[in-house]
Amino acid sequence: MAGDTTKTDMQAQTIDQNGEEIVIKLDGKDAYGEQLQTSTQYPKEEKPFPPFDPATFGPQLFWLVISFGALYLLMSKIALPKIGEILEVRRDRIEGDLAEAERLRQKTEQAIENYETELATARAKSHEIAEKTRTEIKSELDAKHSEVEAELSKKLSIAEARIKETKLAALVNVDEIASETLVSVISKLSTKISIKDARDAVKSVVKG
Amino acid sequence: MGYATNPIKQFDIIEIFSFGSINGFDLVFTNSALMMLVSVAIISGWLILTTRGRGLVPSRLQLVSEITYGFIANMIRTSTGSEGMKFFPLVFSLFTFILVSNILGLYPYFFSVSSQLIVTVALALLVMGIVIFYGVWKNGFKFLKIFVPSGIPLVVLIIVVPIEVLSFLSRPLSLSLRLFGNMLAGAIVVKVFAGFVVSLTAMGLIGIIGAILPLAMTVALTGLEFLVAALQAFVFTILTCVYLNDAIHPGH
Numbered sequence: 001m002a003g004d005t006t007k008t009d010m011q012a013q014t015i016d017q018n019g020e021e022i023v024i025k026l027d028g029k030d031a032y033g034e035q036l037q038t039s040t041q042y043p044k045e046e047k048p049f050p051p052f053d054p055a056t057f058g059p060q061l062f063w064l065v066i067s068f069g070a071l072y073l074l075m076s077k078i079a080l081p082k083i084g085e086i087l088e089v090r091r092d093r094i095e096g097d098l099a100e101a102e103r104l105r106q107k108t109e110q111a112i113e114n115y116e117t118e119l120a121t122a123r124a125k126s127h128e129i130a131e132k133t134r135t136e137i138k139s140e141l142d143a144k145h146s147e148v149e150a151e152l153s154k155k156l157s158i159a160e161a162r163i164k165e166t167k168l169a170a171l172v173n174v175d176e177i178a179s180e181t182l183v184s185v186i187s188k189l190s191t192k193i194s195i196k197d198a199r200d201a202v203k204s205v206v207k208g
Numbered sequence: 001m002g003y004a005t006n007p008i009k010q011f012d013i014i015e016i017f018s019f020g021s022i023n024g025f026d027l028v029f030t031n032s033a034l035m036m037l038v039s040v041a042i043i044s045g046w047l048i049l050t051t052r053g054r055g056l057v058p059s060r061l062q063l064v065s066e067i068t069y070g071f072i073a074n075m076i077r078t079s080t081g082s083e084g085m086k087f088f089p090l091v092f093s094l095f096t097f098i099l100v101s102n103i104l105g106l107y108p109y110f111f112s113v114s115s116q117l118i119v120t121v122a123l124a125l126l127v128m129g130i131v132i133f134y135g136v137w138k139n140g141f142k143f144l145k146i147f148v149p150s151g152i153p154l155v156v157l158i159i160v161v162p163i164e165v166l167s168f169l170s171r172p173l174s175l176s177l178r179l180f181g182n183m184l185a186g187a188i189v190v191k192v193f194a195g196f197v198v199s200l201t202a203m204g205l206i207g208i209i210g211a212i213l214p215l216a217m218t219v220a221l222t223g224l225e226f227l228v229a230a231l232q233a234f235v236f237t238i239l240t241c242v243y244l245n246d247a248i249h250p251g252h
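So the sequences go chain by chain: D and P. Residue numbers are given in this note's numbering: position 27 of the first sequence equals residue 27, and the series is strictly consecutive. Residue numbers are given in this note's numbering: position 250 of the second sequence equals residue 250, and the series is strictly consecutive.
These are calculated hints, taken from the structure and not from any lab test. Certain hints may be false.
Have a look at the derived ranges for each label pair, beta carbon to beta carbon [stated by the list, open to error]:
id, chain 1, residue 1, chain 2, residue 2, range
1, D, A55, P, V64, 33 to 41 Å
2, D, L119, P, L56, 37 to 45 Å
3, P, I209, D, S76, 52 to 60 Å
With a Cα cut of at most 30 Å, we get these calculated DSSO-like pairs of lysine-lysine [to be verified]:
id, chain 1, residue 1, chain 2, residue 2
4, D, K77, P, K138
5, D, K164, D, K207
6, P, K138, D, K82
7, D, K167, D, K196
8, P, K86, D, K77
9, P, K86, D, K82
Model, not experiment: these values are computed from the prediction. Ideal placement from N, C-alpha and C gives every residue a C-beta, glycine not left out.
Construct the complete structure from the given sequences, taking the supplied hints into account.
What follows is the structure, encoded as structure tokens:
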């Protein structure tokens, strides 16, 4: 027992001595100490290059199966069907919209066509109506015109007849006035003249 | 030290916690598992949340989901015909998983799932397993026609058939190694240059001036790695489609 303790004491002393030396060395050269540490670690790192270390294969395979399996399930059950659906909905929507647009375009064209034919018929109709009205008015006008003309000519002839009559009457009166004037002129002059002779004289003059 | 300058350190698998072990199989939850779950969460969250509105006129975010959907759907339709659309969820999951984990891996201090050999091998074997099982289930013995190109004389077939068999067998290998190698190499190269920046700036003023070039390289390589990340996801997916086409229509 006693011998053992002395031995350990001795060891401790030597270690102390060594330790002091090392401490001094470390104080003097920091880099040396580090180099010493790594060089002592090197022999321990005799295990193979990590990617080739068979000890890591098992756990890595295990976790690869779990993670890749999870990824596969998530992709095939959730993510990819979802994206596929989105794309399909969009494609359908675009196709539907295009078809709708085409339908509307055709509808518009139809409407334009209808409008144009309607416009043409309306124009024709209006033209017809205008023509009809014009001819109607013209015939009416013509009728009225001829009526008025007929009346006017009738009136004219009546007036002419009256003028003729009046003229005749006037002429007769003229004869009478002339005879009477003759009588009074002659009687004033000298000789008496009968009204009958005067009339004959006027008559012969007028006739002559 | 460590993460900043050691380009290999980024591939370390670190235990976060453990579910214990079943029959000696350790159900340890690591940074790798975390990044896988983060990728899945980002993809699912993005696709489900952005399409929540079911907008007839899509929002910008919804459009991203729709474009991805259309991109993969088109890829399958052009390479396998409409019959291949039953594999659409699988191909879509593969593409998004690889793309998102590739891009996440570019982020400093993030773990790159696709630079773990076992992950890319597992994905490639999944694809080849489906190709073989679906091919045999749908076509029976006619599936073997994929090894026999039509319209070739019998004498030549003796040479061609072994080549075809060999090329078929090498498919999972090339499929997995292409993705793994690209992502691994890219991550290492970026880290090497970034590590130069860290070590040089620690050396004082001259080091900082000297660090300009590697910093520029890091920036340029990061841009390139984004391209590679997207390209490798695309390549993996289109090859999956091509292989699925073989299963659906064997005999070229």
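Consistency of the hints with the structure:
no.: 1; hint: D:A55 - P:V64: 33 to 41 Å; verdict: 39 Å, holds
no.: 2; hint: D:L119 - P:L56: 37 to 45 Å; verdict: 41 Å, holds
no.: 3; hint: P:I209 - D:S76: 52 to 60 Å; verdict: 55 Å, holds
no.: 4; hint: D:K77 - P:K138; verdict: 24 Å, holds
no.: 5; hint: D:K164 - D:K207; verdict: 19 Å, holds
no.: 6; hint: P:K138 - D:K82; verdict: 29 Å, holds
no.: 7; hint: D:K167 - D:K196; verdict: 24 Å, holds
no.: 8; hint: P:K86 - D:K77; verdict: 13 Å, holds
no.: 9; hint: P:K86 - D:K82; verdict: 16 Å, holds
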